[in-house]
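J.: One letter stands for each residue in the lines below.
Protein chains: 4
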Amino acid sequence: MKDVVVKYIGRKPTLKNTILIEGLPGIGNVGKLAVEHLIESIEAKKFAEIYSKDFPPQVFINTDGTIKLVSNELFYWKAKNKKNRDLILLTGDYQGLSSSGQYELTDAILKIAERFKVTQIFTLGGYGLGKEIKEPKVLGAATSKKLVTRMKKAGVLFKENEPGGGIIGASGLLLGIGKLYGMEGVCLMGETPGYLVDPTSAKAVLKVLSNILKMKIDLSELEIKAKEIESIAQQLRDLEQMAKEKPEDLQYIG
Amino acid sequence: MKDVVVKYIGRKPTLKNTILIEGLPGIGNVGKLAVEHLIESIEAKKFAEIYSKDFPPQVFINTDGTIKLVSNELFYWKAKNKKNRDLILLTGDYQGLSSSGQYELTDAILKIAERFKVTQIFTLGGYGLGKEIKEPKVLGAATSKKLVTRMKKAGVLFKENEPGGGIIGASGLLLGIGKLYGMEGVCLMGETPGYLVDPTSAKAVLKVLSNILKMKIDLSELEIKAKEIESIAQQLRDLEQMAKEKPEDLQYIG
Amino acid sequence: MKDVVVKYIGRKPTLKNTILIEGLPGIGNVGKLAVEHLIESIEAKKFAEIYSKDFPPQVFINTDGTIKLVSNELFYWKAKNKKNRDLILLTGDYQGLSSSGQYELTDAILKIAERFKVTQIFTLGGYGLGKEIKEPKVLGAATSKKLVTRMKKAGVLFKENEPGGGIIGASGLLLGIGKLYGMEGVCLMGETPGYLVDPTSAKAVLKVLSNILKMKIDLSELEIKAKEIESIAQQLRDLEQMAKEKPEDLQYIG
Amino acid sequence: MKDVVVKYIGRKPTLKNTILIEGLPGIGNVGKLAVEHLIESIEAKKFAEIYSKDFPPQVFINTDGTIKLVSNELFYWKAKNKKNRDLILLTGDYQGLSSSGQYELTDAILKIAERFKVTQIFTLGGYGLGKEIKEPKVLGAATSKKLVTRMKKAGVLFKENEPGGGIIGASGLLLGIGKLYGMEGVCLMGETPGYLVDPTSAKAVLKVLSNILKMKIDLSELEIKAKEIESIAQQLRDLEQMAKEKPEDLQYIG
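Chains as they are written, first to last, in the working numbering: chain A, 5 to 258; chain H, 5 to 258; chain D, 5 to 258; chain Z, 5 to 258.
Next up, chain A with everything else stripped away, as it sits in the complex (with noise of 0.2 Å):
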């Protein structure tokens, strides 16, 4: 068996000078929670599933009791207008388990996306702050002082030794193998507390995005998705500070 297998679904789409917006698993689910909202709302086209070994042995029960092998999975959508440019959108199950394998899923990523005329990727994550906070900002890396420059003008943040570890995984290796793909690629990593998944900085980065792929996006599910967890945030903050000021009570709750 190949490291990674690549199952195409349908005809596979006839693209250029695309773009590759990945958005995997990660902190707070901010690429997956994006890339997953921009993917129905601009109602992109899945082509292709990808299997590999270094994904856990594992398959999920949809509701209706049948399985589906945990994959990633790429969709696309072809520009109406000459405003805009080709997408591959690039979303997931999971990561690779081990480094070595997070290498192989990215190569084998980039050769697609070469076939499909990929020549510039936008990579979606979270950078945990692991506090709240009010407004996430969309912090950035790219693959080049001129995009940096571009970011800057679009409203993305760029903070000397942040994040200090660089970028992990899916998001950093996609920009920095592409590169010796000839790819430029730009990372946007929404604010987040980290803790719970969080639509909110989904937002932020869709909103930046958007602006700079001159597409409207509509963020009103999101929106929703973001009160409802704010509502389980609050609670889980309520209960802590009751747990602070009356700790004896909590005793009748266990």
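Just so you know, these hints were derived from the structure itself, not from any lab.
Errors might be hidden in some of the hints.
Derived SDA-like pairs (lysine to any residue); straight-line CA-CA distance at most 20 Å [what the hints assert, rightly or not]: (1) Z:149 <-> D:67; (2) D:6 <-> Z:101; (3) A:72 <-> H:167; (4) A:183 <-> Z:68; (5) Z:220 <-> Z:85; (6) Z:183 <-> D:230; (7) D:183 <-> H:167; (8) A:141 <-> A:165.
Quick caveat, the model's predicted, so the values are computed rather than measured.
On the provided structure of chain A, position chains H, D and Z as indicated by the hints.
T.: Here is chains H, D and Z on its own, set in the frame of chain A:
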């Protein structure tokens, strides 16, 4: 050395429209117990041993002092009439140790399955509840909605969001990767406390399976084993109860 | 780089009807001690070094300041008369670190063994009891019932269900995979407390082996080593006893 | 994707009778500090970047916002007169994560070394003592007795049984596997407490190396770094002392 080594024993059988039934070690050892019992009761014949670099580097010592390299084993059974179908039965000492090894092994087994005309797969396992149960039910998952419907009629339970984490290991992968081979499949999971080997759960799984396969399987031996395990479980419960009631008495034991 | 690299030293020996004897690091270092002693006493000649990516990335420093890459080593000894058979002796610094690496190494060694006409394998090791023993017995396991019978006559003990977990590592794999190569084999396990290196157990194993191979092996040096270790063990026991009797006195030491 | 990817930058240099000098991250970062300082002071030129699936899946972010895939790097320096020899200098962000990856990387580097006519290797590292030292000595190990003698004359210390565990990682493997390539080599280990990065130890190593290579190396910048680190170390010692003397005062801090 190849990752997976297949050693055929004797003449290779000629099979058609074959069903593969898997039962490897897992929760409550339900799958392995069920398939081993099935092999014995229908007198299936071993035709291949599978060795893998992803099994532990270990030999077992038989009671006569001879050694046995850890392996998986394949048995076959040829249908005696039109009501039944040819069977391949898979059991063994271990599942693969690593994620990637599990993918390799599953793929190697499916290649053999393809060669012996397998078109349908049943994977058997346990569904750990972490609590005692009187009458274990059999939960299912399948590769298509049509199969889900057929299994429901045969008494298999489909519960939304159960098991929550999907199916991990050979029982899941055989279905997930099997689908890529064009094989349809069903996973049957017997409810089990999961603390001890569970012949009661294995019996429940085999009952459903015999119904589906239209085969009569003598379950009396599993019932005997079930009573033995129940007696052990009762002793453990008694001991626990005693410890709760008169903890000071236990001090004379240790 | 290949997983396993074999470097031959000098002219390759011509051997026939060869016996391979393995003693690598393990419980009480019994196997390694035994084979190293055997190599020395029969003046076997090194003819190959085996390097592996599955050994630690490490060089040792010899007393003269030169370095030595960690390895396994093969020695040979040609029979001087018809009573004896040609021998290959295997020892080394490490066993493979990973399960799959152990399979790779074993397979590579068996390929060499095949080339030098090995038809029988003896693997030597320790059987850890976790308690002191006066006269270590030698337990066995073999690839055929015939060999079991022959070994019993030579004083090897075969106990049902011992060792319970079978044989793990090179001593087991060489027999298990060796069988696939058509080689017969025996594992000889010297009983050992397993706390310290155990020349007494190594001596017991070599005594049985010399009997089987009809070779006289001078064991006096192992006896000297055994006395040294016994003296160390006695000191440890004294210290432990002292600690039990007068724990308060020990406070003046630390 | 290949396990190790080499990307050449610009024109490949023509070198002869080359010496490879390695300094990768390790104890006290002694080797990396020494080689980085050497590269700067002799103005060696980067000619290759090495990427590996055995490095972490990570990119660093430069101060200008651009990213850099983690790598090892090769620099060269051509001798200006007959007294000196051509040099290749190896440094980088990481050593391989796994044992087998370290073997792979070392082998890949030696293949490059062979191509650029390397006949001798110096590997630089730290020897962690776990205690403060005033004047770090430089310990050695070499691939031949002749080299040991030559190194002793150059002021390198050879102590029996030190380091006790041999040399682990690239500094050891390059010599051990290099020997299989017919290259001779020396490991120079600067004594270091091992708690902090240690420019003092790096300076000691470079002093010995400059002596051996008959090259003048300006060490003033390492001395400045050494003073900075010494000042940090002093602050840590003061804090520790304070905590010992007046532990109750510290309670007002936390």
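J.: Hey, residue 72 of chain A versus residue 167 of chain H, does the alpha-carbon distance stay inside 20 Å?
T.: holds, 13 Å
J.: Keeping to a limit of 20 Å between CA atoms, is the pair of residue 183 of chain A and residue 68 of chain Z held or broken?
T.: The given pair, whose Cα atoms are some 17 Å apart, holds under the 20 Å limit.
J.: Residue 220 of chain Z and residue 85 of chain Z were given as a pair; does the straight-line alpha-carbon distance stay at or below 20 Å?
T.: holds, 13 Å
J.: Between residue 183 of chain D and residue 167 of chain H, is the straight-line Cα distance small enough, at 20 Å or below?
T.: Violated, because 42 Å separates the two Cα atoms, which is more than 20 Å.
J.: Verify the proposed pairing of residue 183 of chain Z with residue 230 of chain D, using a straight-line Cα cut of 20 Å.
T.: Violated, at about 37 Å.
J.: Does the structure keep residue 149 of chain Z and residue 67 of chain D at a Cα separation of 20 Å or less?
T.: Given pair residue 149 of chain Z, residue 67 of chain D holds - Cα atoms ~11 Å apart, limit 20 Å.
J.: Is the straight-line distance between the alpha-carbon of residue 6 of chain D and that of residue 101 of chain Z 20 Å or less?
T.: Satisfied, since the Cα-Cα distance of roughly 19 Å is no more than 20 Å.
J.: Hey, residue 141 of chain A versus residue 165 of chain A, does the alpha-carbon distance stay inside 20 Å?
T.: Answer holds: residue 141 of chain A to residue 165 of chain A is near 16 Å, not above 20 Å.
Consistency with the previously given hints fails for numbers 6, 7, ordered from lowest to highest.
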